[in-house]
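Student: Could you slot chain B onto chain A? The hints should help.
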Amino acid sequence: MKKLVLSIFVVSALFQSCSSDDDGGDGGSQVVAPATYSFEREGESSVSFSGQTTRIEMGQEFIDALKDTSKSEADLDGMFAHAEGDADFSDADLNASDKSIRSKTAASSDYFSANTTDANEIKAEFDTWIKAQVYEVFPNWNVDAVAGTAGKIQEAGGGSTRYVNAKGLELNQAINKGLIGALMADQALNNYLSTAVLDAGNNIANNDAGTVEDGKTYTTMEHKWDEAYGYVFGANADPANPNADLGADNFLNKYLGRVEGDTDFAGIADDVYQAFKLGRAAIVAGDYDLRDEQAEIIREKISEVIGVRAVYYLQQGKANLGTDMASAFHDLSEGFGFVYSLQFTRKPGTNEPYFTKTEVDAFIATLLNGNGFWDITAGDLDTMSDTISAKFNFTTAQAGS
Amino acid sequence: MITIRKIFLALVAIGSIVACSSSSSDDGPSGKTDTFDRGLLLANIADNIIIPAFEDFQIKLSALDVARGNFVNDINQTNLDALSNSWLEAYKVWQYVEMFNIGKAEGIDNTNHIGFVSFFNIYPLEVADVQNGADNGNYDLTTSNYHDGQGFPALDFLIHGLADADGTSIEKFTTNTNKDGYVNYLTDIVSRMISLNNTILNDWKNGYRNSFVANVESSKTGSVNKTVNDYVSYYERGLRANKFGIPAGNFSNSPLPETVEAFYKQDVSKELALEALKAVQDFFNGKAYNGSTNGESYKSYLIALDRSDLATLINSKFDAAREKIQVLDNNFFNQINTDNTKMTEAYDALQLVVVSLKVDMMSAFDISIDEGFQDNDGD
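For the protein sequence lines, the chains are A and B, in the order given.
Position one of the first sequence corresponds to residue 5 (the numbering used here), numbered consecutively onward.
Position one of the second sequence corresponds to residue 3 (the numbering used here), numbered consecutively onward.
Isolated chain B (complex conformation):
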């Protein structure tokens, strides 16, 4: 049966070559032969984007730790505000690295394919994890139980949220019966973020960069294939779904405004989302993290394949999505509660890029989608 089918398919294939050799194709790479130097692309994104972004993230996490130390040593509102500021600065740079779930970042957690994001930015926060941890000091941040109890969302709660019957956020650290526990939890989370990022960055700088750039294979394990899959997956889930679709209620029966990013701070959800969109667009264009020069990129790869039309289209769709985000309230929680339609319009504009990236760009690169990242609508 299968053999007959294969023969049949072979006949079809031969038939197509003979009968349809000039027909255009829309499900394979474009007609032009792929002579693009993938090594140059990989070198540019590693040297000018990924490593500098992780380096900056390291700097911002260090500053966060300094602010944490100042606060812990002298607990007052001024120091808490300073901690909040450094949290936001680090959170903004995080938006530039979340998409790079490769190397140590990918291997850091073997319980799922989300990789290092599991320890940095799973939201909404499981508040009980933090409260119980502060209460009894009994927690293991390395386990999947605490994926939604650490990272930026946990810091957001610790710095801006209210615990128990507290009237202000600082009371967690001053009058709360578990005030020492909250201090410890804060310290443990920050030190874990620093150490995880150091592991990832040191690996990039000590060998991984070279093997990453050298792996120009066009197989599933090739660096281009992996980064493209990570990039599109991040865009679809981390950016489009987590920041917009889920809180807007597009995957549930009603909106879920309490699931916005930075829920406890609230007025920075738009700022973080715009940083994230800038990060993905800059990466698409190969723009250096520190500076304004552009190197080899998905855009130049598309142009090399005679698909400058698609490269232009993707950029214009990114721009259109940005316009839809810019009209939103700084506070997505408020936006969803007052006029969710604007939120879904932003989501819809972001979704239009998914089609161009996931179908058109990946097909132009002749890269298939990783299993597990394919849509599954549960039917």
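In isolation and in its complexed conformation, chain A is listed as follows:
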């Protein structure tokens, strides 16, 4: 079944290759993806995405620290916007790194290079959430949350305790799930898979000629593609065969796994993996139409992961509303982050997200209206779920269970 799907893509690629633009493949072009995401040049691996793995690891320490009341705002800011050499993390390698999460948040070439105004606003929003966690939620760690007051609230039956702001929102969840869109999806879909990045400067000529970067085994174009791959699969034990341990991080990889686990969407993880693999092979072969077709598949599927999880958590939250508020708040907090992430999705064949920032801001305003999750109604959540589902290829019922 999966092979059939793949071959349909290849066949359609062949039929389309001359209809669109530039260096369309010849009718006999048969780029064959290798069995695993493993590419070599002169006997050495040409795959590299260490910068993405580093950011995922930074993200993990960061979201853990958001629940550590001993952390100050400066501690958390340091983890979000790490500077090389600062002792922000427990892992010395991360401290030595020149990478930072914040610098790549809402920072893609396609969406934000000429929209630094929105980019700054989004970055500042994460800063605000960090600050509120430290100054509103941490001081009330042992206070029972009620409408309008931050504090702790425990799930029914002796379940997990959740720490929420005055509106019932777990800010650590907003940040965690928000980063899935603002960092991982935005960088992968709207930056590294973008022709503006893949084909920047002399990348095409250098890739055609097999000219590698100084001291490296890869061409710039190959590397850019790998960096997109790294934001999805950079934490897996065997990066060449990542779907063997889906859920290797608490970001995109985990939720690709969760959507894969829903029978309505089974196969999506392999679709993403196969598209990455074939696209990378297409780059090696110099077939850029085929490459771009794979990029569109990845954009559609990763966007779908975000859309499905947004609706899923809104529906789960709705189910617990009024009976187990802590569970409802937890679900809605995760949903809040995924809804926020919708503005970083990418509609295939366009330069647009499934939902614009303005539309997302309206969703957020609805969720936080009045006392926020304490006030939200089942009707509000259904309306929002249906609005989201309608723009994707799934129903609220499919996503919500």
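Rather than coming from a laboratory, the hints here were simulated on the basis of the structure.
Check before you lean on any hint, since a few could be wrong.
[Claimed, not checked] For the chain B half of the interface with chain A, some residues (derived, Cβ under 10 Å), not all of them:
id : residue
1  : K62
2  : G251
3  : N252
4  : F253
5  : S254
6  : T340
7  : N342
8  : T346
9  : E347
10 : Y349
11 : A351
12 : L354
13 : K360
14 : V361
None of the values given here were measured: they were computed from a predicted structure.
Beta carbons are placed, not taken as given, at the ideal position from N, Cα and C, and that holds for glycine.
Tutor: Just chain B now, kept in the frame of chain A:
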């Protein structure tokens, strides 16, 4: 492996020609054959723009030196104000030459590819360079240590800034213990700017102009390729990033208002930025530096390639960016501190031109980007 790949690529290429010969292309020059006379373009920009701009810069630097002499000979506020005025006049004309990092200008400093800008307009200023220099007279303005300790930013500090515990800017030259050192530093900086500009201008007038115009090669060392790269690089870095992006905080975790151009004078950052934008747009349109006639230009080159759409688009984007700049405070330091969003909106409007210049125009001209000028986001 490589051989097989090359064969494969050759097959793809043949396949494309056979199967897709009519398909439009968006990564090469447009369908129309390039018969544009690059020599006419080069002659226009050399004779009507570059050389006249450097000549005017020479005049303004001379006036600056006169004002400096008057001030040094009779240190008072009136003469300092006159020096400030001539500094601003020269700084405005500088905005018309900064993009021409070619010829002697390029070769003047071999420590980096920035060329003569290294000695004229690196900011923010390293104030300690000036203060230590005034204190001990021990400085070498030719070294890279002093790139950020000379030129217009150093003059800006000397004329408008406060040193040590001084209460007014003139006290550097009157009551400060290093007052003689400050006078010497001022004199050394101005004379260095004059001599560097003379070197560049004399070279243009004594031979370089002809070899520049004659070099119509469409290779990396051809004059058109070099000026286009310089132009786009200047626009992206010197104008967009240095004047707007860096102080607005687009490359850092928070805004850096103290990195605006002319930080010590402050209320002229917008004026300088608008001059710079006018300079790049005039150059794009081939407008003579002295006068209003237009000659061969990037615009007419695009039109010759059937890309008048792009030429029009670039001009309208320049105009849109100007509108966003015009609403800003005269003082960018204030603008950033009071409403940085307007500053980033100006940056965003400027960035939209980068795409048209760096991707669309350069591809229409079939000019590749110099290595070293390519984006590197450090990943």
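Student: Mind listing which of the numbered hints don't hold for this structure, in increasing order?
Tutor: 1 and 6
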